[in-house]
Amino acid sequence: MSTVLEVEGLRAGYRGVEVLRGVDLEVGKGEKVVVMGPSGSGKSTLLKCIVMLVKPTAGRIVLDGEEITNHGVDLKRVRAKTGFVFQQYNLFPHMTVLRNLTLPLEVVKKVPRKEAERRAMEMLRRFGLEDYAKRYPLQLSGGQQQRVAIARALLMDPVLLLLDEPTSALDPELRREVLEMLFEVAKEGRSMLIVTHELDFAEAAADRIVLMEGGRIIEEGTPDEVFNSPKSELARRFLVELGRGSPGASGRAGPASPSAPPATA
Amino acid sequence: MSDSFSFVLDILPDLAKGLWATLQISLSSYALGMALAIILLPIRAFAPPPLSLFARGYVELFRGTPLLVQLLLIYFGLPSLGLRLDAYTACVVAIGLNSAAYQCEILRSALKGIPEVQFLSAESLGFSTLQIYRYVVLPQALRIAIPALVNELVTLIKESSLASVIGVVELTRRGEYLVAYTFRALEVYAAVALVYLAVCTVASQAARVLEAKLRIPGYEREVSGLI
Numbered sequence: 001m002s003t004v005l006e007v008e009g010l011r012a013g014y015r016g017v018e019v020l021r022g023v024d025l026e027v028g029k030g031e032k033v034v035v036m037g038p039s040g041s042g043k044s045t046l047l048k049c050i051v052m053l054v055k056p057t058a059g060r061i062v063l064d065g066e067e068i069t070n071h072g073v074d075l076k077r078v079r080a081k082t083g084f085v086f087q088q089y090n091l092f093p094h095m096t097v098l099r100n101l102t103l104p105l106e107v108v109k110k111v112p113r114k115e116a117e118r119r120a121m122e123m124l125r126r127f128g129l130e131d132y133a134k135r136y137p138l139q140l141s142g143g144q145q146q147r148v149a150i151a152r153a154l155l156m157d158p159v160l161l162l163l164d165e166p167t168s169a170l171d172p173e174l175r176r177e178v179l180e181m182l183f184e185v186a187k188e189g190r191s192m193l194i195v196t197h198e199l200d201f202a203e204a205a206a207d208r209i210v211l212m213e214g215g216r217i218i219e220e221g222t223p224d225e226v227f228n229s230p231k232s233e234l235a236r237r238f239l240v241e242l243g244r245g246s247p248g249a250s251g252r253a254g255p256a257s258p259s260a261p262p263a264t265a
Numbered sequence: 266m267s268d269s270f271s272f273v274l275d276i277l278p279d280l281a282k283g284l285w286a287t288l289q290i291s292l293s294s295y296a297l298g299m300a301l302a303i304i305l306l307p308i309r310a311f312a313p314p315p316l317s318l319f320a321r322g323y324v325e326l327f328r329g330t331p332l333l334v335q336l337l338l339i340y341f342g343l344p345s346l347g348l349r350l351d352a353y354t355a356c357v358v359a360i361g362l363n364s365a366a367y368q369c370e371i372l373r374s375a376l377k378g379i380p381e382v383q384f385l386s387a388e389s390l391g392f393s394t395l396q397i398y399r400y401v402v403l404p405q406a407l408r409i410a411i412p413a414l415v416n417e418l419v420t421l422i423k424e425s426s427l428a429s430v431i432g433v434v435e436l437t438r439r440g441e442y443l444v445a446y447t448f449r450a451l452e453v454y455a456a457v458a459l460v461y462l463a464v465c466t467v468a469s470q471a472a473r474v475l476e477a478k479l480r481i482p483g484y485e486r487e488v489s490g491l492i
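Protein sequence lines correspond, in order, to chains A and B. One point on numbering: in my numbering, the residue at position 122 of the first sequence is 122, and numbering is uninterrupted. One point on numbering: in my numbering, the residue at position 195 of the second sequence is 460, and numbering is uninterrupted.
Keep in mind the hints are simulated off the structure, nothing from the lab. Note that the Cβ used here is the ideal one computed from N, Cα and C, for glycine as well. Hints should not be assumed to be uniformly reliable.
[What the hints assert, rightly or not] Derived lysine-lysine pairs resembling BS3-like cross-links, with alpha carbons at most 30 Å apart:
#  : chain 1 : residue 1 : chain 2 : residue 2
1  : B       : Lys377    : B       : Lys423
2  : A       : Lys76     : A       : Lys187
3  : B       : Lys377    : A       : Lys55
4  : A       : Lys110    : A       : Lys81
5  : B       : Lys478    : A       : Lys134
6  : A       : Lys109    : A       : Lys187
7  : B       : Lys377    : B       : Lys478
8  : B       : Lys282    : B       : Lys423
9  : B       : Lys478    : A       : Lys114
10 : A       : Lys76     : B       : Lys377
11 : A       : Lys55     : A       : Lys110
12 : B       : Lys377    : A       : Lys109
13 : A       : Lys55     : A       : Lys81
14 : A       : Lys134    : B       : Lys377
[Said to hold, decoys possible] Not close to chain B: a few residues of chain A, all C-beta gaps over 10 Å, as computed:
#  : residue
15 : Tyr14
16 : Thr82
17 : Pro172
18 : Arg190
[Stated by the list, open to error] Covered by chain A, per the in silico footprint, the following chain B stretches (three or more residues, Cβ under 8 Å):
#  : region
19 : 376–385
20 : 388–397
21 : 400–407
22 : 473–484
One chain only, chain A, in its complex shape (with noise of 0.2 Å):
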């Protein structure tokens, strides 16, 4: 399997604290790999890491067969082919959804207004939100704001889709929508990195998990390996944590309740 994707030795931080201590990552073409972490462990900033969004202190990244960790790499042109959503605040509020769709297509990719509003539309109406194609983003709830931000990381076509935590600024009722769109996208074949801690989502549709701790990555595996038999005692905890795991195994009693997710960053 080719790859879209290949991070090795990634190191980064912010003001002198070292939030990635060394990071080795392949995602593979059309695969579809979840992040799985405590909070702080590194898990964001490797994402906006990928897209150079924070600037790596050591390591290379390839992207699409680019290594643009190299000087002088357009990254303009390297986001341009990613598409990238965060946790919330993901669409511009002074604008419709349709706007919000088209006008990275038409400033970035050069598309003209007509053509960028038909391919926006037919997104909409994929993930039949065309309803909202005349709402402003805050108008929507945070369910369907999100689902929008999906649609439009999707229209710019990128060759890697990076989510970051997409379902955790959201209420347990809006998760579903967000959750049922993902699967949808993961069908599609389309490559996928994500950092999430939904459980479900992640043993249904992830075909390799990757679990961070410490600005490492501590585990990787299929879902089943990881969850079912994970092999560091840091991951059995985590899992434990998660209300997933048995809580015998990691020689820790008393279960964290299940009903309280870590909080995320």
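Following the hints, position chain B against chain A.
Below, chain B without anything else, positioned relative to chain A:
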């Protein structure tokens, strides 16, 4: 009483001439202030230390000293350095330089009101810095800034009365002349005050209409949700 009323009607044409000068001064200095603020803002917000410190010093200097003193310095002080400005120009320059400091801070705090994710989001879509400001940041920041910017204009209209001190014949100075001719200080100054009040009220109301027109749909709900 009816005598006072007809007196005020008599002096209205004079006051109107004064008002015209007042509006010219305040609008010109406001425009000058805006232009300078737009130059100052990026220096203050993004330039490396020596430059940004200069911009910060500028803001502190003009906000930390009385406008009247600035006006006197520019009109009476600068000629000693060989720069002689007529009274009208001196007061437009003084008020403009002063307002630039305030407008710069208004725009800066509006920029700070934009969530960082808005920048990141646009950046991750492949926008250039210029495009981020043009399409995403400035349209939102200006909406945030409108009430404060109009408030600044209203302040300028009132502060432009300081121009009377160096002999510019605007609304306040007209009033002083009328008092000198007629000795009816109460009626004249009351009329002058009412004219200021009327103009400032119109400006504030216009701002409210503009604000409502440009308000981001759904924004009220978002804000009330936060409270």
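### Message
Output the indices of the hints that this structure fails to meet, ascending.
### Response
16
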